[in-house]
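Asker: Each chain, letter by letter, is given below.
2 protein chains.
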Amino acid sequence: MMAKLDDQALDTLFRSARTFNHYTDRPVDDATLHAIWDLLKWGPTSANQLPARIVWCTSPEAKDKLAACASGTNPDKIRAAPVTAIIGMDTEFHEHLPELFPHTDAKSWFDGNAELRQASAFRNSSLQGAYLILAARALGLDTGPMSGFDAGAVDKAFFADMPSVHANFITTLGYGDTASLHPRSPRPDFAKFNRIA
Amino acid sequence: MMAKLDDQALDTLFRSARTFNHYTDRPVDDATLHAIWDLLKWGPTSANQLPARIVWCTSPEAKDKLAACASGTNPDKIRAAPVTAIIGMDTEFHEHLPELFPHTDAKSWFDGNAELRQASAFRNSSLQGAYLILAARALGLDTGPMSGFDAGAVDKAFFADMPSVHANFITTLGYGDTASLHPRSPRPDFAKFNRIA
Chain A
1 MMAKLDDQAL
11 DTLFRSARTF
21 NHYTDRPVDD
31 ATLHAIWDLL
41 KWGPTSANQL
51 PARIVWCTSP
61 EAKDKLAACA
71 SGTNPDKIRA
81 APVTAIIGMD
91 TEFHEHLPEL
101 FPHTDAKSWF
111 DGNAELRQAS
121 AFRNSSLQGA
131 YLILAARALG
141 LDTGPMSGFD
151 AGAVDKAFFA
161 DMPSVHANFI
171 TTLGYGDTAS
181 LHPRSPRPDF
191 AKFNRIA
Chain B
1 MMAKLDDQAL
11 DTLFRSARTF
21 NHYTDRPVDD
31 ATLHAIWDLL
41 KWGPTSANQL
51 PARIVWCTSP
61 EAKDKLAACA
71 SGTNPDKIRA
81 APVTAIIGMD
91 TEFHEHLPEL
101 FPHTDAKSWF
111 DGNAELRQAS
121 AFRNSSLQGA
131 YLILAARALG
141 LDTGPMSGFD
151 AGAVDKAFFA
161 DMPSVHANFI
171 TTLGYGDTAS
181 LHPRSPRPDF
191 AKFNRIA
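Which chain is which? The protein sequence lines are A and B, in order. Take the first sequence: its letter number 75 is residue 75 in the UniProt record's numbering, and every next letter is one higher. Take the second sequence: its letter number 131 is residue 131 in the UniProt record's numbering, and every next letter is one higher.
Be aware that one or more of the hints could be misleading.
It does not matter which identical chain is used: a pair holds within one copy or between any two.
Within a straight-line C-alpha distance of at most 20 Å, the following computed DMTMM-like cross-link-like pairs (lysine to aspartate or glutamate) qualify [as the list claims (entries may be wrong)]:
| no. | residue 1 | residue 2 |
| --- | --- | --- |
| 1 | K107 | E92 |
| 2 | K156 | E61 |
| 3 | K65 | D150 |
| 4 | K192 | D38 |
| 5 | K4 | D25 |
| 6 | K156 | E92 |
| 7 | K156 | D64 |
| 8 | K65 | D161 |
| 9 | K192 | D30 |
Calculated from the structure, these hints are not laboratory results.
Generate coordinates for the entire structure from the input sequences, incorporating the hints supplied.
Answerer: Here it is in structure tokens:
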């Protein structure tokens, strides 16, 4: 059995962590982005599909290009954040399964079934996006996930060379400015959305 | 800034954690299921949608009912595990937004747009499923997520009273039997699926 996490770690990951729209000036270096991947890559995906394709926007040019695809107040958040990650999903992830899931012919489960690939890529890249958020928190960073953007425009701007990849969601990353936080939205008790059968 | 997690915690969550098909006899009590919810509920979802509706199958009857909907070797895994959770998604989650996201009329963003609700429920309940997996690990448990089942049959068996809820994926929970593990599937380096822009 694995060691449980202590209370401070549970606070960092879940109980005290918040979604941020504003960050301090502290930069996020490329080594930190690699460290996030080196944690999130271990999170389980069905048949080790690993369908997420991630673009980490760190340059002003990349942030401007992404901001131009976003809606509401999201362009400002993207431009101001140290990093914004685009979590894309590869609907042809199955081409990599001979390497990623080598002990059986998992590729054949998906050949010719675009609908199954779409659902699998969406579900499993979303799981990986959640692993990214929690891996970032585990390393002391904060995040600001968003789905308010024109996915087709993001695909054209960032994945034109990979036509099987489509944007799922995006998230800013940095060290959150706690002075900018609003009160937290409520979370219901177990009984509201859970049942024991 | 939040405290970083230590190496042992990173191992428990990501680096040493494994997907299990076999568990020890150690039971998982209802209080532990409540504790998992009391962590995972804090994970971010878009506009605090919280679309996941979770059925925790702990009784032999519930496990049999779920096993009858599963394919391949999954029925045996479900029957043998201490608990199997069904992560469902409510495509009418927007009805709860006046309570869950009270500071603006977020419900109106989704009224009359079934396609947006479907995509939002799928993405955000998948995020919540990932939070469930990592919350369970944080509490010392192991998991075995699966998508090999007949979702329509699960909906009929478990969500007949909630027609807007559809099964997303399922996961066994317990204390893993490490003797049953196979070698781990490979994880690629940063450069394969990531780009810094």
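Asker: It remains to establish, for every hint, whether it holds in the given structure.
Answerer: Each hint tested on the structure:
Taking the shortest Cα distances, K107 and E92 sit within 20 Å of each other inside one copy (10 Å), while across copies they are farther apart (34 Å). Taking identical chains as interchangeable, the C-alpha atoms of K156 and E61 lie at most 20 Å apart only when both belong to the same chain, with a minimum of 15 Å there against 50 Å between chains. Proximity of K65 to D150 under the C-alpha cut-off of 20 Å is restricted to the intra-copy arrangement: shortest distance 12 Å within a copy versus 41 Å between copies. In this assembly of identical chains, the alpha carbons of K192 and D38 lie at most 20 Å apart only when taken from different copies (12 Å versus 36 Å within one copy).
In the homo-oligomer, the alpha carbons of K4 and D25 lie at most 20 Å apart only across protomers (19 Å), although the nearest pairing inside one protomer, at 34 Å, exceeds that limit. In this assembly of identical chains, K156 and E92 lie within 20 Å of each other by CA distance solely inside one copy; the values are 17 Å within and 31 Å between copies. Proximity of K156 to D64 under the C-alpha cut-off of 20 Å is restricted to the intra-copy arrangement: shortest distance 14 Å within a copy versus 47 Å between copies. For the identical chains of this complex, K65 and D161 are intra-copy neighbours only, at 16 Å inside a copy versus 46 Å across copies, given an alpha-carbon limit of 20 Å.
Only between protomers do K192 and D30 lie at most 20 Å apart by alpha-carbon distance; the minimum there is 15 Å, versus 42 Å within a single protomer.
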